[in-house]
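Asker: Each chain is listed here by its residues.
2 protein chains.
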Amino acid sequence: MNYNIGLDISGGDYAPAEIFKGAILAKKEFGQNITLIGLQSQIEEQARIHRIDLGDFTVVDAPETIEMADSPATAVRKKKRSSIAIGTTLLKEKKIDAFVSCGNTGAAVCAATLILGLIEGVERPGIAIVAPTQKGVALILDVGANIDPKPLQLLQYGVMAKIYSEAVLHKKNPTIGLLNIGEEETKGPDFLRGVHKLFSASSLNFTGNIEGKDIFKGNCDCIICDGFIGNITLKVIEGCAEVMGKLLLSSLQSNFIGRLGLFLAQNNLRAFKKKMSYSEYGGAPLLGVDGIVIIGHGRSDAFAVKNAVRVAIEELEHDINSKIKGQVNEICQDNRVREVLTA
Amino acid sequence: MNYNIGLDISGGDYAPAEIFKGAILAKKEFGQNITLIGLQSQIEEQARIHRIDLGDFTVVDAPETIEMADSPATAVRKKKRSSIAIGTTLLKEKKIDAFVSCGNTGAAVCAATLILGLIEGVERPGIAIVAPTQKGVALILDVGANIDPKPLQLLQYGVMAKIYSEAVLHKKNPTIGLLNIGEEETKGPDFLRGVHKLFSASSLNFTGNIEGKDIFKGNCDCIICDGFIGNITLKVIEGCAEVMGKLLLSSLQSNFIGRLGLFLAQNNLRAFKKKMSYSEYGGAPLLGVDGIVIIGHGRSDAFAVKNAVRVAIEELEHDINSKIKGQVNEICQDNRVREVLTA
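From first to last, the protein sequence lines stand for chains A and B.
In the working numbering, each residue carries its 1-based index in the first sequence increased by 44.
In the working numbering, each residue carries its 1-based index in the second sequence increased by 44.
Do not rely on the hints blindly, as some may be mistaken.
If several chains are the same, the list does not tell them apart, and a pair holds so long as it fits within one copy or across any two.
Claimed, not checked - Keeping only pairs whose Cα atoms sit at most 20 angstroms apart, straight-line, the calculated PhoX-like set for lysine-lysine is:
id, residue 1, residue 2
1, Lys-138, Lys-367
2, Lys-216, Lys-261
3, Lys-179, Lys-290
4, Lys-290, Lys-261
5, Lys-317, Lys-290
6, Lys-367, Lys-216
7, Lys-179, Lys-261
Think of the hints as simulated: they come from the structure by calculation, not from any bench.
Keep in mind that this is a model prediction, so the values were computed, not measured.
Build the full structure now, drawing on both the sequences and the hints.
Answerer: Here it is as structure tokens:
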């Protein structure tokens, strides 16, 4: 299939240069149409720098810019000519098939929810990330879209995580766990004990609570949590990995033998770093909105941008949103689930 | 000063062997009296194995055992002859000066709260851990004692964290941050926005919200959070560090050059691992209870046990609890704080 992927050139800490380079890499690797959305002058400047014929891309000027510090709701409402507002609108109008942005996450979620609306039956969108584990990868949902979810919304995250894991990550009957402070169903706040009952009543392959230390073991395919806990978890993982890497490096560099070991092991360390890097896994799919939106990390480099485009293409190829639409009500309106919800 | 430190020989994944070895190490290094509390037969067996004269220790028989899976409140109520109940009672009766347990954390918190009671003015106890950062260490409080705290209780954690950091970690005017999903005061759930106001009104050196990724940078001395978020954070850090270590090792071992690099760098890697290890930082002080209680990690080895005893001695030397008693009301009953609380 030939898709048209919209890419926000203005959003991200290393925009526009790294995003533009990511577009070139993606075009080369996937051969799909790429629509560059951002300040036209910046796009043209980047094309000159990289000696790229813009005829290979579609360019859409977005003269306004949403900054990282902007309030999401206000920015989306007021900056209608920003790359995020324009990109989401193009997606709504089916002029592009998916939209990738490394800009202000809140604004991207807000624009998608307001402009695209939600998939029929879904109450709230959620941001999913794919984290490396000892046995492959695990999906964590939600990592920041919904900091105060209702139990049913968490169950819907369970359904969306299952569908994504099956279709894009090729897992069969993926296991679903609830992030909590103990494995026993009596652990944690009252709210989560109720959610545990709801998941238990559903037809999902629910394996119970999962503790933070077990995320990385890879025994649980999908880890469900509210956006507050998920966002803290995501950032703790990032910070921990980054600082451990730095401390490891300085420990190795502290003497000659260590430096020699580092020199010899450099290829292995590079491969390891690549495996650990969020860049490798591309952007985070915003699940539940009626359109394919991928949220790239603010610090995305060209490689991460290319992989975010890959994630968008995979979602399109596997028609994720039709599957969500087909299953969310089937699973969440099941009699046993409804009994728990009304109890 | 000569202190008498009570040590729970029966609690912990590697009890009694590692705890007993930790007692020997602690006795040798610190020269304080150590009271071994646990199954007498086990203690005597360990003494035979290690050819230790039990005359150097005080031994108190505790014929009942609280298992890791026991419900804390029930276990403390029903197993009055368990090491945790007896140790806490000895502390209450001032027959020992501090109590160290690597057993069931919930039971240790519950026993301390019920038997010792809280320091005058303190509403809830909190478990503090010391985490390695790029610039030294940071204190995180609470990591699991209180999963549903009131704003005032979090402010009290701020006060206790400040006092501990000053006295034991030798930090001057330590900075206090609130764990949240963004730095801006408008970020996160309503509850935390209210807590932000409370901290801002207090005389603490409050530097605002701190994100999960910044814990390890070392710019914030004390990180305050509820016990649910704190426990998830703690376990994510543990899991992340453990799996990163394993993946790094397998990456290095995957080819000859990598193995050679690993061989050369082994001393540096060992030093790095030591720096990252919770064993190095010993047990987690349970702050707010009227007595010195240190909660060791369930997986504590002898080295971690020895360091948990060190933490107990440091708390005694710096008379932490008198300082908490002296400052908690002064800071939390301040006029500006009360204005925010009653607003």
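Asker: Does each hint fit the structure? Answer for all of them.
Answerer: A quick look at each hint next to the structure:
Only within a single protomer do Lys-138 and Lys-367 lie at most 20 angstroms apart by alpha-carbon distance; the minimum there is 19 angstroms, versus 65 angstroms between protomers. For a Cα distance limit of 20 angstroms, the shortest separation of Lys-216 from Lys-261 inside one copy, 18 angstroms, qualifies, whereas the shortest one across copies, 40 angstroms, does not. Proximity of Lys-179 and Lys-290 under a CA criterion of 20 angstroms is satisfied inter-copy only: 12 angstroms between copies versus 25 angstroms inside one chain copy. Taking CA atoms no more than 20 angstroms apart as the test, Lys-290 paired with Lys-261 passes between copies only; the shortest distance there is 11 angstroms, against 23 angstroms inside one copy.
Taking the closest pair of Cα atoms, Lys-317 and Lys-290 come within 20 angstroms of each other both inside a single copy (11 angstroms) and across two copies (13 angstroms). In the homo-oligomer, the alpha carbons of Lys-367 and Lys-216 lie at most 20 angstroms apart inside one protomer (15 angstroms), although the nearest pairing across protomers, at 57 angstroms, exceeds that limit. For the homomeric pair Lys-179 and Lys-261, the shortest alpha-carbon distance inside one copy (7 angstroms) is at most 20 angstroms, but the shortest distance between copies (29 angstroms) is not.
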